[in-house]
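Student: Using the numbering used here, read the sequence shown as starting at 1 and increasing by one per residue.
Since the hints were made in silico from the structure, they are not lab data. Where is the CB? At the ideal position from N, CA and C, for every residue including glycine. Please note that the accuracy of each hint is not assured.
Derived SDA-like pairs: lysine to any residue, alpha-carbon spacing no greater than 20 Å straight-line [said to hold, decoys possible]: (1) Lys292 <-> Gln306; (2) Lys109 <-> Ala350; (3) Lys140 <-> Phe81.
Restraint ranges, calculated between C-beta atoms of paired labels, are given here [said to hold, decoys possible]: (4) Met275 <-> Thr216: 30 to 38 Å; (5) Ala276 <-> Gly144: 28 to 36 Å; (6) Thr216 <-> Ala276: 15 to 23 Å; (7) Ala350 <-> Ser114: 13 to 21 Å; (8) Pro232 <-> Lys140: 37 to 45 Å; (9) Ala350 <-> Arg75: 23 to 31 Å; (10) Trp269 <-> Ala110: 16 to 24 Å; (11) Val301 <-> Asp160: 41 to 49 Å; (12) Gln236 <-> Ala110: 40 to 48 Å.
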Amino acid sequence: MLFLKAITGLLVFATFLTMGLAHPVNVEIEARSLKSSPFNPSIPVPEVAPPLLPSNLTVPTMDGNELRARGTVHRPTVGYFAGFNVGAYTNTGACKTLQDWRNELKQVKACRSSHFSFTVVKIFTTSQCSALKNALQAAKEVGGIKVWAGLWATPRTTFDSDKNELGRQILGSNGNLILGVSVGSEELFRGSLSSGQLAGYIWDVKGMIQNSYGKTNVPIGTSEGIAPLLNPANQQVLDASDAVLLTSYPYYGGSRVDLALKAFQQGWWALGAKMAGKTLIVGETGWPSKGKTIGQAVPTVPNARQYFKAIACWMRTTGKPFFWFSAVDEQWKSGGVAETRFGVSWTNGARKYTLSC
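Generate coordinates for the entire structure from the input sequences, incorporating the hints supplied.
Tutor: Laid out in structure tokens, this is it:
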């Protein structure tokens with residue numbers, strides 16, 4: 001990880017602050033610099049200069065949908081589900097083909113156990129590698145799986161492409177398989193968007209999906225770490241969102257695996273108190289089976305299994321929806337061995353450990 005050197009000096013956090021740490025970097029995300037402010041909710045997250053806009057606009061919006069969403073606000077929710085994060089690239093770094101998507105979603109479906117049925121996959125982009133189009137078609141063919149569509153919020157050109165592709169696909173023949181939408185991934189943590197900018201993007205997508213297209217049952221939100229979401233300066237992001245997807249990696253906070261559940265729960269409860277009845281989802285969490293030891297966090301298959309049993313089984317018994325990171329190892333990634341070993345399965349599809357409670 002790009003963050004490891006900085007994290008080494010920050011191992012002793014208040015336990016809930018470990019929830020906001022960095023996660024395995026996807027190829028679409030540019031290199032990040034660790035910022036101290038996300039670890040302290042009392043310190044405002046740094047803002048960046050807003051994109052250039054016409055002088056009569058105060059928020060980023062393409063076509064008035066942002067204002068339309070504020071006029072008639074829909075608040076769809078979702079119940080319990082278990083799902084996986086799925087990337088758009090093969091182990092060689094090439095774009096996944098439709099057949100690759102079929103194969104991976106079959107692996108996802110095969111992860112079913114007596115305690116878990118994984119019925120949703122979350123993707124990080126809609127337009128790059130035709131990810132949403134192929135994921136939806138594969139989900140239709142495999143059956144029993146829906147898609148949570150992620151949109152990159154930066155740079156603006158990528159947001160525009162992802163938003164437009166989302167619009168095309170949700171109006172298409174497989175649009176009913178889109179369960180929800182996440183606008184941006186850790187934008188506040190990275191300081192790539194201000195709170196106002198990100199909230200504007202969320203309202204914009206809500207306006208398009210729920211108001212213009214009438215898909216009032218599709219929740220729109222964002223994916224973010226705990227500390228930025230607890231920061232009162234970012235309340236407008238929570239206000240805009242129907243659902244918030246929490247990113248949590250106690251491994252990168254140096255947490256001992258047997259203490260990780262406590263840290264996880266404290267962060268969950270702290271954020272849940274601010275949700276005002278809206279849906280809170282675990283958007284990303286997991287434990288690597290191999291890699292560098294960070295503090296007291298040791299990446300091994302037994303520890304990955306222990307973490308899954310603690311977190312996933314707690315989510316299941318309490319009816320909380322979650323996306324695990326991830327279904328299959330992603331060996332194309334750079335930045336350290338651990339990033340490539342978060343899968344519950346090896347690259348050949350063989351399970352590393354039992355997915356049971």
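Student: Now tell me if each hint is right for this structure.
Tutor: Outcome of the hint check:
Only pairs whose Cα atoms come within 20 Å are accepted, and Lys292 paired with Gln306 is accepted, the gap being roughly 18 Å. Taking the CA atoms of Lys109 and Ala350, the gap is near 13 Å; set against the 20 Å cutoff, the hint holds. Our distance criterion of 20 Å between C-alpha atoms is met by Lys140 and Phe81, whose separation comes to about 18 Å. Separated by about 20 Å at the C-beta atoms, Met275 and Thr216 break the suggested range of 30 to 38 Å.
Against the hinted window of 28 to 36 Å, the Cβ-Cβ separation of Ala276 and Gly144 comes to about 32 Å, which satisfies the hint. For the hinted restraint 15 to 23 Å between Thr216 and Ala276, the CB-CB distance of approximately 19 Å keeps it satisfied. Roughly 19 Å separates the CB atoms of Ala350 and Ser114, a value that falls within the hinted 13 to 21 Å. At about 43 Å, the CB distance of Pro232 to Lys140 agrees with the hint of 37 to 45 Å.
Judged by the Cβ atoms, the range 23 to 31 Å given for Ala350 and Arg75 is violated: they are separated by roughly 42 Å. Between Trp269 and Ala110 the beta carbons are some 33 Å apart, a value that contradicts the proposed interval 16 to 24 Å. Look at Val301 against Asp160: about 42 Å separates their beta carbons, and that is inside 41 to 49 Å. Distance hint check: the CB atoms of Gln236 and Ala110 are about 41 Å apart, consistent with the given range 40 to 48 Å.
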